[in-house]
Each structure stands twice: as structure tokens, then as C-alpha cells.
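S.K.: As a plain string of letters, each chain reads:
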Amino acid sequence: MKTKHITRKATRHISQNEGLIFEKSSPGKAAWKLPPLDVPEVDTAKLLGKQEREDLGDMPEVSEIEIIRHFTRLSTWNYAIDLGMYPLGSCTMKYNPRVNEFVSRIEGLANGHPYQAEKISQGALRIMKTLSDCLLEITGMDAITLQPAAGAHGELTGLLLVRAYHQSKGNARKKILIPDSAHGTNPATAATAGYAVENLKSNDRGMVDVAALAAQMNEDVAALMVTNPNTLGVFEQEIHKIAGLMHAKGGLLYMDGANMNALVAKTRPGDFGVDVMHLNLHKTFSTPHGGGGPGSGPVAVKKILEPFLPTPVVITKSDGTLGFEYDRPQSVGRVRAFYGNFGMFIRALAYIFANGPDGLRQTTEDAVLNANYIRKGLEGVYDLPYSTPSMHEVVFSDKVQSKKGVKTIDLAKRLIDYGFHPYTTAFPLIVHGALMIEPTESEPKEELDLFIEAMKSIAEEVEEDPQYVLDAPHNTRISRLDETAAARKPVLRWKPENA
Amino acid sequence: MLKAIGIRSIDDLFSPIPAEYRLTRDLAVPRQMAESEIVDWFKQRAKENGEGYASFLGAGAYFHYRPVVIDALVQRGEFLTSYTPYQPEVAQGTLQAIFEFQTMISELTGMDLANASMYDGSTGAAEAVMMAVRITGRHSAVIARNLHPEYREVLNTYATHQAIPLKTVSFTDSGQIDLKELEKAVGDDTACVLIQSPNFFGTIEDVEAIAEIAHKRGALLIVSIAEAVSLGIVEPPRTADIVAMEAQSFGVPLGFGGPYCGVLATKEKFVRQMPGRLVGQTVDKNGKRGFVLTLATREQHIRREKATSNICTNQALVALMVNIFMTVYGKIGLRELAKQNLAKAAYAADEFSKHAKVLFAGAPRFNEFVVQTSDDPYAINSRLLGHKIVGGFPLKKFYPELGHAALWCCTELTTRSMIDTAVGLVAESEGSARSKDAQPEEVVR
Chain F
0 MKTKHITRKA TRHISQNEGL IFEKSSPGKA AWKLPPLDVP EVDTAKLLGK QEREDLGDMP
60 EVSEIEIIRH FTRLSTWNYA IDLGMYPLGS CTMKYNPRVN EFVSRIEGLA NGHPYQAEKI
120 SQGALRIMKT LSDCLLEITG MDAITLQPAA GAHGELTGLL LVRAYHQSKG NARKKILIPD
180 SAHGTNPATA ATAGYAVENL KSNDRGMVDV AALAAQMNED VAALMVTNPN TLGVFEQEIH
240 KIAGLMHAKG GLLYMDGANM NALVAKTRPG DFGVDVMHLN LHKTFSTPHG GGGPGSGPVA
300 VKKILEPFLP TPVVITKSDG TLGFEYDRPQ SVGRVRAFYG NFGMFIRALA YIFANGPDGL
360 RQTTEDAVLN ANYIRKGLEG VYDLPYSTPS MHEVVFSDKV QSKKGVKTID LAKRLIDYGF
420 HPYTTAFPLI VHGALMIEPT ESEPKEELDL FIEAMKSIAE EVEEDPQYVL DAPHNTRISR
480 LDETAAARKP VLRWKPENA
Chain R
0 MLKAIGIRSI DDLFSPIPAE YRLTRDLAVP RQMAESEIVD WFKQRAKENG EGYASFLGAG
60 AYFHYRPVVI DALVQRGEFL TSYTPYQPEV AQGTLQAIFE FQTMISELTG MDLANASMYD
120 GSTGAAEAVM MAVRITGRHS AVIARNLHPE YREVLNTYAT HQAIPLKTVS FTDSGQIDLK
180 ELEKAVGDDT ACVLIQSPNF FGTIEDVEAI AEIAHKRGAL LIVSIAEAVS LGIVEPPRTA
240 DIVAMEAQSF GVPLGFGGPY CGVLATKEKF VRQMPGRLVG QTVDKNGKRG FVLTLATREQ
300 HIRREKATSN ICTNQALVAL MVNIFMTVYG KIGLRELAKQ NLAKAAYAAD EFSKHAKVLF
360 AGAPRFNEFV VQTSDDPYAI NSRLLGHKIV GGFPLKKFYP ELGHAALWCC TELTTRSMID
420 TAVGLVAESE GSARSKDAQP EEVVR
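In order, the protein sequence lines correspond to chains F and R.
One point on numbering: in numbering that gives the first Met the number 0, the residue at position 219 of the first sequence is 218, and numbering is uninterrupted.
One point on numbering: in numbering that gives the first Met the number 0, the residue at position 440 of the second sequence is 439, and numbering is uninterrupted.
So here's chain F without its partners, still in its complex pose (with noise of 0.2 Å):
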């Protein structure tokens, strides 16, 4: 059976092994060259003491062309969005235009320093300020911070805030409400934030309960943090009800935005009762993931929450120029030093230029539609536990092809064979088993015909060889990896043989 299913996307081809760098380096070689010394040479033993340092250890010595081979070599073993779809559920895995990443590289703004006079810094300061306006009218909100370095960094700003603002009424309350659908992250900011957290039941389709909210949302409760359109990329259909009664006892809406990807341009949490939300701009706004980072999560608030806001503020001075304001005397303060992931907000406003009003609302489109398209390609064959409808993104389980002895992961591994990176495995956990898809609006239809051709192969695999997917991977540099053992002796560094 292994020659019947072609994998149309990908063939197996020569990659090149490549050891550690620690393993290629040897005394005398040198990919460095610095200017000669145009002071006087010092005495460092007479500068510094006991505090100078003898030896660098096992730092490497390799010449320029191993290191461009060395990690030439190793990117070629990686999955990535330049080499097809990237189907994560809840990553939004969209282009990265290059356009981004040159012009966050122009001189002025890459070598921009944060304390430079504010005289000097009007460019990095308009950036500033005309993304901030950008993602105001894109959220409906009333003010921002663009200082969380990433998602679960705006989550934690934002319940500083809701902290803070509690606090100034009285009382700050105990407890974050979070439904069971939520990202583990929302817990854990929670913690962080010094909150309890109390579980909130989906409903049977899939959504928020609002019977259930009502009977547990007291003057306890500082907010409730909401995931919209969820996990299950449905909407959350009754959001206004919701906000109603979060209100109504005195409570927050706090908006998980990961899914923002779904919305822009087509409405807008401030418009539907959000009081604070952050943003993903490497989700929504295409600034790349880069193998796990850097991110930027910025955080959109109502007129009510703004005097909490981190410390400094963008503001328009009576002299028409930017600048920084730093005494704000009901400011939660610093969330990190300086003013953010700029990079980042350089990337996302030309991806916002490069779109416009109606490139926004096409994307939005697109990604909804294509989320759909997969739905449809594959209803049927997979398990879909929730038919409400989907947005950007649709989850199946794997409750089918279980019945073989077939789960979510290895289906996922499998799929890797066929030149496609896996989607979200059983995440969210309110779907035993769940197939988590995320296309996005950047997949042309061919690639989605595919992707679709090779989940419906491989559910005809499991039921003519599920030990062929079970054993899957097959065409990979490496097969499964025994991750217990990783965990339980860690080997976290490499060390010399005769060490």
C-alpha cells in the first residue's frame, strides 16, 4: 500500500549532516577581525584585578564559511511557511512579507538608541504613534500600551490593569473567570497576576455559557478573560450578553486577540463590550514567529482603564512634536524596560500599509473562507465535534480514526510526510483528540487541495496500515524522538568527551 498514496507536495532529497559547532572547532581558526587599536593598549591585570577573566572555556573557534554552512545546514532541517502551509491552529502561521523585514533594517531605525533626545527619535516616535492609531480603529478601542514584549505578556499587562483598576474603586477583587477552552496561558498570567482562577463550562456548541457565567460571576470576579472567536474558532455569539453581565457586577471583559485574524476590518471588540484586549502582531500583523520569538503584545484598552497604563506613554506635545510621557501617577509602571518589541511594530505597520482598509477586510475574508474550505474538503472524514460554524480556523478529532489505535499526534507525524507541518494537536482539550486547523488567508487554493488530499489519504491509511502511521514519520532525518528520557535526565549542554 506505502507506493499507492503519492505525496504530491514533497519527495525525499540529499540533506546534509552536520555535527555540533563545538565538534568543528579547533585552536587557529577565526571568523573575526577587529580594527587595530586606535588608543593606547591597557594593562588588564592592572584595570581589573582578581575580576579579570583567565579563560572563555569551550567557546568554539570555526572559520567564517563552516559557521554559514553550519547553520545553513541546520535551517534546511527545519518546516517553514516559505516552504508551504503551515496549518497551526491558534498560530495564525501567515506570510511574513520581506518588505518587513527591510525596512525594519534601515539604518536610522535599527540602530536607533532608546535614550537618544526625543528631538532625534520623532521618526521612531511617529511609528510609534501611528501604529498605535492603526490598532485603535482596528480594535474599537479608546488607548494602547505598546510595551508587552509578546501575547501572554500583554495578558499579563492587562490584568495589571484590571488589578489596578479594582483597586482604585476598593476592592480588587479575587478571581479571573476563564472558560475551559482558553489558552494555558491565560491561567498562568492569572497566577501571576496574583488572581485565582475559576473554570467556566463551554456549552454544547462550543461556546462561553452564559447561564453558567451568570450563576458564577459575583463581586468576586475581577474579569473574565475571553478567547473571541475561541479555540474552536467559533464565535462567541452571544459577546454583548456576556459583557452585559461581566458589567453589570462590576466586572471586566478581557479579550484574548491570538484570534483577531478573524475579525479585522469586520468588527470590533470595543464596539461588541471588550474593556481591554491584547494584540498578537505575530499573529494578525505578519511580524515572523522566528522559530518561537520575538513577539509583541501589545494592549488595547477603554477610556476607563487608561490611567493605569505602563509607564511611558506616546503623546502629542503643544509644540506639535512626540514625545514620551513618564509621570502618570495611577500607571501600574514598567512592564519591560525601554518601550517594547519595536522591530516589531515597524513590521507591523507596513504590513498594515502594504493592505489598507480593504486589504484588511480581504484578509479577514480570506482567512475565513479558506478555514472553511478545509471544513467542507474534510467533513466526513474526520470527526467534527461541534458543527457551529467556523472562522479562521475548524477542529476535528480524531475519535474515527482512534477506533484503530490512531491519535491526533500520530496522524499530525504523518502528515509531516506528506510536506506539511503539522497542525495543532490536542489543543483545545475540550475536544478529546482534536485536530486543531488554521490556514490562514495566505494559502492559495492549490495548496489547500493538497492539504486536503493528504489528510484524506492518510485517514485511508489508517484503515488499510495504522501501524504504518503509527510508525510515522517515515521520511524524516529522524524518527520520533524519545522525549521521556529527555526529560528524565536532562542533557541541556554539551560538554567535551574527556570532561
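No wet-lab data here; the hints were simulated from the structure.
Since no wrong hints were added, every one of them can be taken at face value.
Here are the simulated DMTMM-like cross-link-like pairs (lysine to aspartate or glutamate), alpha carbons at most 20 Å apart as the crow flies:
1. K396(R) to D326(F)
2. K2(R) to E364(F)
3. K8(F) to D81(F)
One-sided excerpt, in silico: chain R residues whose CB lies under 7 Å from chain F:
4. E99
5. V153
6. A306
7. K330
8. A345
Example chain R residues on the side facing chain F (calculated, C-beta under 10 Å, incomplete):
9. I9
10. E34
11. Q280
12. G289
13. K396
Please read these numbers as outputs of a predicted model, since none were measured by experiment.
For every residue, glycine included, the Cβ atom is placed at its ideal position computed from N, Cα and C.
Given chain F's structure and the hints, the job is docking chain R onto it.
M.R.: Structure of chain R alone, referenced to chain F:
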């Protein structure tokens, strides 16, 4: 595609959004721009942003040379456009690179192991304090006043909500932490002492003496390192329990303050309390070496509210820049690079001391020093700007007790002629300030 899905129009897909909340107008954002227009817009902004100035600013963000291979490699799509390596079979490139990063950071900091990065030095320091609280079961922390002021502000934000009281210890005439005051401040409920070395004034702390004071009372020592290049020639804080470092100096552009690259390094016994991602070595089912994300039971996607931290996204691509930088300079180059920084700053400090007061002369320093002038540093700096020079960082805002003082920084990119020009202009301004002060006295005489 609409037909395949079985709908008539794209609007049908958005019907779950209640009609009254559907946006029926265009967003008021700038119109769609062509690539050439986008490039032009940002080039204009760059011109308004100090392009072409010589700078003596450091203070937690350092201007070092970035070898061109860094950008050539990090812009490869396979690094740039990949996700967190949760699927190791298709992410060995990123995983092996992180493993090498962890190794080099451990080696440079003198710790047993390091994580795969934190947001930056400030949040890394705050996470280190929370880690110390978990390890010791104690609830307060002692912080050096010569720790980067913005790091202290961030820590203060985190600590307030974790109910961790902070005690601040001052510095002496050498710019170093006051050991006597420290001795008194550390108590039985102190989870950790957090210092910076080289500290915010650029002087190097006696880490061993500080470690002894902390450890005597059962507290951990956390050392924050903001200027990573110092590790090339300054003895690393081997007696520390946690090193919280900002690795921006290693090949990361200044970028108006970010993205940077925080890292935590620690002793093996504390690894399970460390936040952030970790890569470990293992084997596949054929016995072939490979790398995976490991010890995930510390993390939010598994432990939710019981996780060591809420951190998810880190600074992977920036860590890769750091990694390549460390590989380029390596064992010998890093030392030579650090030595040039040391020599430039020593020369500049000497030159400044002929015309103004260089503070904290009693302790060894790396590439930063504090110059006290009779005139206000803001006024001096605005005169320097006219000569396309960005002067030192005025300290009045954070350390009013130092009067008219500014923190100056020299790196391998600071030329002798830049130094001489800046010193000349400061000398001129000092000369005129002094004669202004002197005149009334002469009149009296």
C-alpha cells in the same frame, strides 16, 4: 470555493457575528501603499531618527558591530518563518541551534545550564526573583540601587502583585553596592539578593563577597548582566545561583529598545524551577542524536495556573543572532573584543578626568563610566547634538544625589577622534561654566 463550501456570498461566513456589531464601513487606516511607498515612508522616518550621529549612550543598550553573516543567516526563511519547535522531526535546525546557544551561555556565565531565552534583561531579572521565591519558599528580595533603574521599575511591577516586598541597598563612593548596608538588609525571609555587574555605573561588583553575605543567610544571589561583552574579559559570577542576562550586545541591533534577548542561567539543581523553554538532547528510535523541547511540565501549556511562569513566546530569532555572534567571535575573539571596549573606555575616562570629575574611580570598570560636570548634562548634550554627537545618559532622573552626572559608554566602534571631539566640547563647556562661577568671586575680591 464559495460553491464548494455551499454558500452564496462571503458574507454568509460572517453571519455568526451579530448584525449590529458588523463593521459596514472602511477602517480609517492609511490607504493601501505600494512597496516603494512603504520603503520611502520608513526611510523618511529613519532620517528623523538620529541617522548618522556618533553616540556615547549605553545604559543597558549597547552599540556593537554586527558581523554581516548574522543577518544573512537569520533571514533564511527556514529560521525566520518557522514556529516554536514543538514538532522536533521538522525543527531540528532550530532545536540544535538553541542547544548550542544554551551551551555557550552556560560556558560564558559560569553556570551549569541556561534557558532558550526570556523577553529581555528586565523581565528576565523579575522572573529570576520569582524563581528564587519558589526555590527558597521565602517572600522578600533585596535589590541593589545600582541595578538598571528600568529593571528595578519592572521588578517593582511584578513584585507588587506577587506580594514580594523589595528592599533597596545603596552604593558607596566606588559605585559598588554598600556591603555593610547589604549585610543588614539580608534577613531570614530574604529569598534573594539581586545585583548587576558590571553595574549600572559600569563598575564591577565584588560578586564573591556579595554571594557570601547572601548565602550566609540562606538567600540566593541573582546577578544581572546588561553588557554581555563584559563576559569576554570580566570573571563571570560563578558564585551566583542565577544569572539573569541581557544578550543584546551580542549581535542584536539597538532597534530603539527591542526586540532584545533575555536569558536565565542557573545551577543544575534549580532547573525545574526555571521558567522558559529548554532544549534537551535525546535519541530517536534508531538511536540517532536529536533535540527536543524538554521539561515542559514547568510550562503554561501543560500546567496552566500552576506553571513556573506564563511565558510562551520567547525571543528565538534574536537568540539565534546572539548565537551566531558568539560563534563568530568565539573563544579568542570575544576576549579581544572585550579588551578593545576596556581600552576605549579607559582612554575616554582618562581624557574626561582632565576636565571634569570621573566618579567611582576606586573600582574596576568595563566600558562605561560616570562623568560629573558643573553644567547640566542635558544642556551639554544639546550642544553636542549640534556637532552630531549624542552625549552620555543624564543620571539626574534616577540618581538626583549625583548632581550633574552622566553615564558615558565606549565600545569598539567608538573612535579616538569621536572621544577627543566629545571631550573637547565638554572641556569647552566646563571652561565657560567655571569662568562664569569664578567671576562673581573675583568681583568680590
